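The letter at position 50 of the sequence shown is residue 204 when you use the numbering used here, and the numbering goes up by one with no holes.
No lab work stands behind these hints: they were computed from the structure. Just so you know, not all the hints are guaranteed correct.
What follows is a list of derived Cβ distance ranges for each label pair [unchecked claim]:
1) T227 to M201: 36 to 42 Å
2) T261 to A216: 17 to 23 Å
3) A277 to R247: 16 to 22 Å
4) T214 to T265: 26 to 32 Å
5) Q241 to A275: 16 to 22 Å
In this text the structure is predicted, and so the values were computed from the model without any measurement. Note that the Cβ used here is the ideal one computed from N, Cα and C, for glycine as well.
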Amino acid sequence: MRRACVTELLYLRLRVWKTDRTDNPWCIVPRSTLQNVSHAGFTLIEMLVVLTVIGLLAATMAPSAFRRPAYLTRERIAAELEQRIAQGFASARASGEPATVNLKGKTDADTPSFVSTIGGAQAPILYPDGSSNGGTVSLAGRPLILIGWIDGRVRRAAS
Numbered sequence: 155m156r157r158a159c160v161t162e163l164l165y166l167r168l169r170v171w172k173t174d175r176t177d178n179p180w181c182i183v184p185r186s187t188l189q190n191v192s193h194a195g196f197t198l199i200e201m202l203v204v205l206t207v208i209g210l211l212a213a214t215m216a217p218s219a220f221r222r223p224a225y226l227t228r229e230r231i232a233a234e235l236e237q238r239i240a241q242g243f244a245s246a247r248a249s250g251e252p253a254t255v256n257l258k259g260k261t262d263a264d265t266p267s268f269v270s271t272i273g274g275a276q277a278p279i280l281y282p283d284g285s286s287n288g289g290t291v292s293l294a295g296r297p298l299i300l301i302g303w304i305d306g307r308v309r310r311a312a313s
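Take these sequences, add in the hints, and give me the full structure.
Dropping the structure here:
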């Protein structure tokens, strides 16, 4: 039903009065118009149900959309450890004293473990001559970085 100015409504009411004779003389809109009104659209309940479903879907999908894949996390941790080991060798050469690499990550899940080739050290020990105690740095039980004990060479373990 379109909105009309007051004069159009009065004219319409007078015209219908003659033909329709509604029970309510104060009704400006004719009964025939009111009976033909379609109830198109959505109810408030329907809208709330749809919004609730969309909210639940968004809440379940959002965490998986922003999570990094595990292999990218392993690559990031391996790159950080390689950089720390390189800095450790540089500081050992500069000071003439052995340097120890801190393996502590940002979280417990990011903290790798170390198994030494020589001795029972809990972290790689880097010597000024370029050698080390050697060993394997593992993350979640899988080898991540291999450190050579003679030459101190650092290489990534095969995934």
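Outcome of the hint check:
1. T227 to M201: 36 to 42 Å: Holds, at about 41 Å.
2. T261 to A216: 17 to 23 Å: Holds, since T261 and A216 (Cβ atoms, about 21 Å apart) stay within the stated range.
3. A277 to R247: 16 to 22 Å: 18 Å Cβ-Cβ, so the 16 to 22 Å window holds.
4. T214 to T265: 26 to 32 Å: holds (30 Å)
5. Q241 to A275: 16 to 22 Å: Holds: the Cβ-Cβ distance is about 18 Å, inside 16 to 22 Å.
Every hint, counting from the list given before, is met by this structure.
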